[in-house]
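S.K.: This is what each chain is made of:
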Amino acid sequence: MSAHELISATASVLADRLARGEVSSVEVTQAHLDRIAAVDGELHAFLHVSAEALEAAAAVDRDRAGGAAMSPLAGVPVAIKDILCTYDMPSTAGSRILEGWVPPYDATVVKRLREARLVPLGKTNLDEFAMGSSTEFSAYGPTLNPWDLERIPGGSGGGSAAAVSAFEAPLALGSDTGGSIRQPAAVTGSVGMKPTYGGVSRYGAIALASSLDQVGPVTRSVLDAALLHDVIGGHDPHDSTSLTDAWPSFADAARAGAREGALKGVKVGVIKQLSGEGFQAGVRGRFAEALALMEAAGAELVEVSAPHFEYAIDAYYLILPAEASSNLAKFDSVRFGLRVNPPGGGTVEDVMAATRGAGLGPEVKRRIILGTYALSAGYYDAYYGSAQKVRTLIQRDFADAFAEVDVLVSPAAPTTAFKFGEKIDDPLAMYLNDVATIPANLAGVPGIGLPMGLAPEDGLPTGIQFMAPVREDARLYRVGAALEALLESSWGGPILRQSPMHPEAESNAISTKKGGD
Amino acid sequence: MSETAALDSAQVAHLANLARIELSPDELEKLTGELGVILDSIAKVSEVATPDVPATSHPVPMSNVFRADEPGETLTTEQALSGAPEHDGTRFAVSAILGEEQ
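Chains as they are written, first to last, in my numbering: chain A, 1 to 517; chain B, 1 to 102.
Quick caveat, the hints were computed from the structure, so don't treat them as lab data. Accuracy of the hints is not assured; some may be wrong.
Said to hold, decoys possible - Just so you have them, the derived chain B footprint on chain A, three or more residues with Cβ under 8 angstroms:
no., stretch
1, 146-153
2, 457-467
To be verified - Within a straight-line C-alpha distance of at most 20 angstroms, the following computed DMTMM-like cross-link-like pairs (lysine to aspartate or glutamate) qualify:
no., chain 1, residue 1, chain 2, residue 2
3, A, Lys365, B, Asp26
4, B, Lys30, A, Glu363
5, A, Lys423, B, Glu86
6, B, Lys44, A, Glu150
7, A, Lys365, B, Glu27
8, A, Lys423, B, Glu27
9, A, Lys365, B, Glu22
10, A, Lys264, A, Asp252
11, A, Lys111, B, Glu29
12, A, Lys423, A, Glu150
13, A, Lys330, B, Asp69
14, B, Lys44, A, Asp381
15, A, Lys423, B, Glu34
16, A, Lys365, B, Asp40
17, B, Lys30, A, Asp34
18, B, Lys30, A, Asp426
19, A, Lys330, B, Glu86
20, A, Lys365, B, Glu73
21, A, Lys111, B, Glu73
22, A, Lys365, B, Glu86
23, B, Lys30, B, Asp40
Every residue gets a Cβ at the ideal spot worked out from N, C-alpha and C, and that includes glycine.
Between the sequences and the hints, there should be enough to build the whole structure, so can you do that?
M.R.: Here is the structure:
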């Protein structure tokens with residue numbers, strides 16, 4: 001395979017070639033490292049590139065040559081969102097307060113990647129502590145959208161989404177608290193899955209809001225997401241919220257979905273509250289076309305109402321800051337990270353305040369202080385208590401809907417990628433980017449986002465989202481793969497083939513020529 | 001709701017102090033305005049949060065998650081101290097806990 005073929009292949013194709021010995025993990029890994037070296041100076045999807053990737057790849061090749069049994073994705077490179085702890089790479093959460101911090105242990109999901117012999121390529125950029133929808137709040141500068149370098153790649157996991165959609169990595173891990181996997185997928189033309197709450201371990205994922213956070217796959221195909229989910233999912237005794245369920249093979253579900261007839265008789269609920277007002281015309285148009293494709297393939301469309309979804313963002317911006325204000329109290333200048341001593345010294349509390357004043361960015365300060373207020377005596381019932389009740393009402397909306405339909409569907413984001421700076425000074429406008437994704441986090445249900453075509457007005461990717469009842473992640477892989485197959489046959493190939501950063505594109509957005517001019 | 005009125009800068013300064021975050025005067029002013037706008041918007045949760053609706057704190061209810069009371073893997077002292085800004089080899093080092101007036 002040529003270098004272009006190696007970086008544009010899906011993980012499942014690479015896995016097959018590796019298993020057949022047609023290509024080595026060192027070759028695959030080197031091709032991706034070369035790609036990162038060529039484009040990431042400008043794109044900035046990575047905060048750190050592993051110095052050990054080739055060595056890990058060589059070890060996989062050696063063991064494979066020696067006849068060792070290998071897991072399906074052995075030897076395939078993977079990028080890791082920098083919210084996840086890695087013992088051999090810095091883990092900054094996009095914050096100055098953790099600059100250079102190397103944790104003494106691996107997150108469970110990272111440990112599982114290594115056990116399955118995937119090759120970690122590096123750590124990807126994010127909004128600080130995963131708070132944001134654009135990567136503009138990363139303390140290390142934003143990631144650019146591979147489709148248009150003047151636009152945001154979504155957030156918080158814009159680094160992981162950009163890395164896979166710019167062909168720097170076939171697979172990446174993300175984390176999704178209110179849409180941080182699915183919204184970046186929508187605006188970069190990639191695939192992202194937020195598993196059922198508790199389906200994937202949170203141990204070693206630097207906590208934002210513990211009752212909302214889930215780690216999940218970021219990829220270029222539904223099957224790749226399923227393969228990666230099979231590696232990272234399942235019970236972890238280190239996470240007390242981890243479900244003890246035995247999960248089916250998600251890869252099998254995705255393969256079944258790609259077969260003809262998979263949508264026949266599937267009841268798809270179209271959420272009335274998440275398809276009209278506030279959604280860009282091109283997003284609405286592509287959404288209507290995707291629904292028509294599904295209907296033609298035998299799916300039954302049903303309009304469903306979720307009357308409390310309009311309160312979801314409001315409840316979310318009380319629950320998340322409340323939990324974050326508590327979780328981020330650990331950044332106290334004592335056990336890890338930055339310490340700033342105020343002029344003339346001071347008590348440990350003065351040092352803590354000076355450190356957090358200097359080490360935390362504007363959005364993090366905003367949310368911690370908002371959370372501190374929401375939890376304070378006298379306001380708790382009106383704000384936090386009310387938000388928790390709204391959470392119940394949203395769960396009831398989901399339960400009512402799933403009594404009638406198999407999956408719910410909506411656009412994954414209200415607009416295509418916006419320009420840098422457009423929303424950074426307007427927190428409420430920024431928060432609206434997650435209007436379609438937040439309800440799933442509040443209710444704990446799984447959600448998958450995949451591309452649904454380019455908006456005619458700006459030529460940028462739009463995304464569709466499916467949601468299923470708690471524990472029914474396999475259903476999303478089946479339905480997602482089914483729609484993906486229909487859409488790709490209508491496009492004549494994956495949507496990313498049309499990206500200006502596709503390796504075979506005629507005019508690359510970033511010149512990848514080597515040797516300079 | 002009267003008890004959810006907008007914040008003034010003295011209240012924001014107090015909250016920042018509780019959260020142990022030093023703010024510059026500019027930051028304080030900007031945050032006070034922004035938090036007011038955000039709070040006005042999100043206060044509408046109380047419209048539907050009637051007394052008959054129970055609160056949900058956890059998306060997938062679980063109870064009594066126990067494990068056997070047995071020592072498991074732990075970090076070594078060296079590992080635990082490896083990220084500390086200051087330590088003496090066995091303990092985290094911090095400045096004075098109490099100020100002079102305390």
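S.K.: In ascending order, which of the hints set out earlier in this document are inconsistent with the structure?
M.R.: Numbers 1, 2, 5, 6, 11, 13, 17, 20, 22 - these are the hints that the structure violates, sorted from lowest upward.
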